[in-house]
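Visitor: Below, each chain spelled out in residue letters.
Number of protein chains: 2
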Amino acid sequence: MKTLLLKKEEVSRLISMKDVIGAVEEAYKAFSGGQVDQPPYIGIHLPSGGEIDFKLGYYKRNEVISMKASSGGFPDNPTVYGVPSGMGTILLFDARTCALICVMDGSLLTGLRTGACAAVSVKALARKNSRKITSIGTGNQARMQIRAITEVMKIEKIHAWDHTQESLSKYKADIESEFGIPVIIAGSAKEAVQQADILITTTRGKGSLVEADWVKPGTHIVAIGTDMKGKQEFDPEIFRNAKIVNDSIEQCTDKGETWHPLNRGIIAKEDIHGEIGEILLGRKPGRENDEEITIFDSTGMAIQDNTTSYKIYQNAIEGNVGTFFEFIA
Amino acid sequence: MKTLLLKKEEVSRLISMKDVIGAVEEAYKAFSGGQVDQPPYIGIHLPSGGEIDFKLGYYKRNEVISMKASSGGFPDNPTVYGVPSGMGTILLFDARTCALICVMDGSLLTGLRTGACAAVSVKALARKNSRKITSIGTGNQARMQIRAITEVMKIEKIHAWDHTQESLSKYKADIESEFGIPVIIAGSAKEAVQQADILITTTRGKGSLVEADWVKPGTHIVAIGTDMKGKQEFDPEIFRNAKIVNDSIEQCTDKGETWHPLNRGIIAKEDIHGEIGEILLGRKPGRENDEEITIFDSTGMAIQDNTTSYKIYQNAIEGNVGTFFEFIA
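Residue numbers (the numbering used here), protein chains in the order written: chain A, 1 to 329; chain B, 1001 to 1329.
Bear in mind the hints are in silico, worked out from the structure with no lab data behind them. Not one of these hints is a red herring.
Calculated lysine to any residue pairs in the SDA-like style (CA-CA distance at most 20 Å, straight line):
(1) A:K2 x B:P1078
(2) B:K1007 x A:T323
(3) A:K2 x B:G1072
(4) A:K60 x B:E1051
(5) A:K8 x B:K1002
Model the full assembly from the supplied sequences, consistent with the hints where possible.
Guide: Next comes the structure, spelled out in structure tokens:
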């Protein structure tokens, strides 16, 4: 029995953002199409403040089971131990036999597939003439969002806001050099939000950052930062008259941004338009006019890891990349 | 960052049953000593009837996190796909950094550490002059139990019973040739049970197999077969006057053999003597006289995989066995 081993550097050249966007679209369709089994994830909190999580997903049609271990929150790793502050490992199993077909480094995967979410939602929900992105938050995931969205929409300007000037300046320099798209540093979050065709939040904040009356009609909102209880980025009033789309209604109403307006009674569960997978499957409409505000609440799902890592595996097999190892002779 | 890869054949020569018994003792002590974090396991049931489970354990003192993926119930694997009907993979992480330090084949681990349970319980709870084992059930795990117990107790005779004559004859031939211990095939379960100094059940049965009045005073019972809801091997009346020891009180009262007498009101939770780890730590007595019936109910814990696989890893490093692979350069 042969297991393919893939290093981080191999993974990085085996997959393009275009591939990831395709894989994430497939994941959403599979999920809303009843092709997915993904039990609640399990994790361990270390005394140092770091964390390691294990996310399991089964894609029935493809007969692939994935398990992603991913760690984060170890700031001393690089200096004290000479390893990254967050790492990841993915196991792929052939669901017909449960044979281990691949062990790959998974450090890059979460960032890539989370970026791709934005692009998928932009295709389904943003105005076709969207040219301006507003980015609230300027860290790694904010960059990944731009990388993904520019694959599917011609972006001409980015308005950015963050808590620290240093992070903003670095973001401006990096984005302008990587994409040649001018970045305007906003004087306030409000100023930035008012400019948005597409509004992205990646702050992982713990309170409302974006007020409802800042958001102009026709804006598409990509709410990335809230993926667990206690996190919040939006004034829940924004949800009152918006078209609300979730990656997983079950997850978003439990721990996503969508939980907040539900909890406050601003919306009822029936006010959620649907899951992005339902839109991609053609079961529900996406954007219906240029005036509506659309919100895509993304909490992240194991099936995204599954389809993305399997695509990497397929590309490796096709391109003869990687090292085979026989755990069982 | 280097990750050690270990094949099944390497794992098999890296660990002795003596090592496993030591590792399982350490696991029990760690668990009852508050050194363990092991979240509920997650799994996927495949349409074919097979299953794959993921068990996560963190041993705080050692700073080691283990994740065991183990599959079973794929009878067509050998003939149709050329792979075993059940397989396993273990990941070990350094808990200080969450770096992946080892990927090893885990096919042998569950069998070994489950066998070792019996030996640990026999040391703590069986009469020192126990010479006769009764084995109800004659499959792989029944053999593993003998392999483990003979490491800690001089066994002179084995009485065996099972549903099928064929399985019994094969067990007799195998055990007599491996250990030189005579195996007596019993005419009935009752006849076998009445002979026991140590009574082992490994049938994974779904109803009472062993009646209370068959068990003679002084018997030590190792209840292995019941590790999930719906399974049962004993008349719950056996628990009424016995010294009841669990691997994990939380697990055994939820899904072990101990659940049945609790559910029937035959015992209360306070009647459970304690956890085996408490006995090993010297916090509670083991067997106190030659007349009491002792029951060890074992449901299996992730921390047993943790300490056992880490011992294998240490032996590999010491003995220069295995292959290093750099997932992250």
